[in-house]
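J.: Chain residues, written in single-letter form:
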Amino acid sequence: SQQGEEDPQALSIQEGENATMNCSYKTSINNLQWYRQNSGRGLVHLILIRSNEREKHSGRLRVTLDTSKKSSSLLITASRAADTASYFCATFAGGGNKLTFGTGTQLKVEL
Amino acid sequence: DTGVSQNPRHKITKRGQNVTFRCDPISEHNRLYWYRQTLGQGPEFLTYFQNEAQLEKSRLLSDRFSAERPKGSFSTLEIQRTEQGDSAMYLCASSLIPESYEQYFGPGTRLTVT
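Heads up: the sequence lines are chains A and B, in that order. The working numbering puts the first residue of the first sequence at 293, with every later residue one more than the last. The working numbering puts the first residue of the second sequence at 18, with every later residue one more than the last.
Don't take every hint at face value.
Claimed, not checked - Computed, partial: chain B to chain A, Cβ under 10 Å:
#, residue
1, 19
2, 20
3, 24
4, 57
5, 58
6, 60
7, 62
8, 82
9, 108
Calculated from the structure, these hints are not laboratory results. A virtual CB, placed ideally from N, CA and C, is assigned to each residue, including glycine.
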């Protein structure tokens, strides 16, 4: 079963704009990860944030985590057409041994 | 390329037939996972191996499904007596626990049951 949901389900922006995706989850976690999936390709790991962290940066990516609200957000700054993909959050629960994925956000970046 | 590989990439089969998929993980990774993904959804966990031991199976993994990882290297996922509801993308991933919780995914095997 899915751990939670992502919002929005779909997002369309112009190149150069920022994209923000939100993820909510249901149980306590060890860490939360974001993955990207291009059409016809496998999932690629983007960034991991541990439960005791509140914010993390990697290049054009910024992730926040609010464990009290069981939510996370992914910000992609200065988006590019190549960022067009589906983005999934996935939680690794404390004591668990697997990733539980959200439903995903489809991002389209137009030229 | 030393990433995770999966074969075949596509499989079309008739209902009732058996199919087997193969996954070759990154060589030094001790964990190997199988997920299933249907259109418009995120991947759902099926099972995972720590070296050659299968340590957890999802309730999604009915008796028709069996997975192996002999010698802790490659893994196979077999589906017996396929049903149309088995049509999905089957994803394999590997990781090196506890050094990293990041999982490396293969390109997947798309199964279509007609």
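J.: Could you run down the list of hints and mark each one as holding or not?
T.: Evaluation of the provided hints:
1. 19: violated (14 Å)
2. 20: Check passed: Cβ of residue 20(B) comes within 9 Å of chain A, closer than 10 Å.
3. 24: This interface hint is violated because 13 Å lies over the 10 Å limit.
4. 57: This hint holds: residue 57(B) lies near chain A, its Cβ roughly 8 Å from the closest one there, short of 10 Å.
5. 58: holds (6 Å)
6. 60: Given a least distance of 5 Å, the restraint on residue 60(B) holds.
7. 62: It holds, given that the least Cβ distance between residue 62(B) and chain A is near 4 Å, below 10 Å.
8. 82: Given a least distance of 16 Å, the restraint on residue 82(B) is violated.
9. 108: holds (7 Å)
Hint compliance for this structure: hints 1, 3 and 8 are broken, all remaining hints hold.
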